[in-house]
Amino acid sequence: MFAVDQLSAALTAISHPTRRAIIGQLANGPARFLDVAKPHDIALNAVTKHLRMLERAGLIERKKQGREVMISLRAEPLRQVAGWLHEYERFWRERLDEFEQHFRRKKKQRMRKKEK
Amino acid sequence: MTMKTIEVRVERTIPAPPDEVFDAWLDPKTPGTPWNMGDKTLLNPHVDGLFYLKGTRIAHYGRFTEMEKPARMEHTWVSPNTMGEESLVRITFRKQGEDTVMTLVHTGIPDTEAGRGHDKGWKHFLDIFPEHFVTGLGK
Chain W
1 MFAVDQLSAA LTAISHPTRR AIIGQLANGP ARFLDVAKPH DIALNAVTKH LRMLERAGLI
61 ERKKQGREVM ISLRAEPLRQ VAGWLHEYER FWRERLDEFE QHFRRKKKQR MRKKEK
Chain S
117 MTMKTIEVRV ERTIPAPPDE VFDAWLDPKT PGTPWNMGDK TLLNPHVDGL FYLKGTRIAH
177 YGRFTEMEKP ARMEHTWVSP NTMGEESLVR ITFRKQGEDT VMTLVHTGIP DTEAGRGHDK
237 GWKHFLDIFP EHFVTGLGK
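Chains as they are written, first to last, in my numbering: chain W, 1 to 116; chain S, 117 to 255.
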């Protein structure tokens, strides 16, 4: 049961672009909170919220080093995600994303014509 | 011998009415359809009609088993990834206001290591990762 819950938590955690960006940053090595927050144009407490979700999913851990708290990436839950995601899951998601985008573009074009 | 199979389910909300979405899905010119990705495509979208798709590497075959415009369609799907077995793709289109909720369910996929495509899955999923990190994970 625990494994499934962790997988759900990991999937939720990586479903947000900011959190994926944070994961990408931490992939380069551990960082301090302010360094993690710096590249993002959002409030610090929003960054804290994102980090909390990543922590809950077991994707990051905080360690005290002297007076600083270093945040580092734990990749194991991502390995679970990759193992779970079947080739066809990926295939159909990509196809349907493109299909949906096509209709969204068409809708936008129609709206623009109406405005003229 | 019965093979363990898995099911894949993907749902999207498309901003158009069901009959338009249904027709677009069967048009090889529409981006995102399976028929839009091959170098060679043959498509006969009627019950018992066949399709053939050949991309750069592998070929997919299938036979349409249901065609109920605009509510649903169903076809088999055979490829090296299904180990030559006939898997089944069922797509339903449900009106929701001005939109269509499109649900694709692919069943009967043999659950193999190849299908899970660990390596490719990794690359795709973690394309935000520096290469060295991804390789480091494999240890």
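I should point out that these hints are in silico values taken from the structure, not numbers from a laboratory. We put the beta carbon where it would ideally sit given N, CA and C, even for glycine. There could be a bad hint or two in this list.
Said to hold, decoys possible - If you want a taste of the chain W side facing chain S, the calculated C-beta under 10 Å gives, among others: (1) PHE33; (2) VAL36; (3) LYS38; (4) HIS40; (5) GLN65; (6) GLU87; (7) PHE91; (8) TRP92; (9) PHE103; (10) LYS106; (11) LYS107.
Each hint, compared with the structure:
| no. | hint | in the structure |
| --- | --- | --- |
| 1 | PHE33 | 20 Å, violated |
| 2 | VAL36 | 15 Å, violated |
| 3 | LYS38 | 17 Å, violated |
| 4 | HIS40 | 14 Å, violated |
| 5 | GLN65 | 21 Å, violated |
| 6 | GLU87 | 4 Å, holds |
| 7 | PHE91 | 8 Å, holds |
| 8 | TRP92 | 5 Å, holds |
| 9 | PHE103 | 5 Å, holds |
| 10 | LYS106 | 8 Å, holds |
| 11 | LYS107 | 5 Å, holds |
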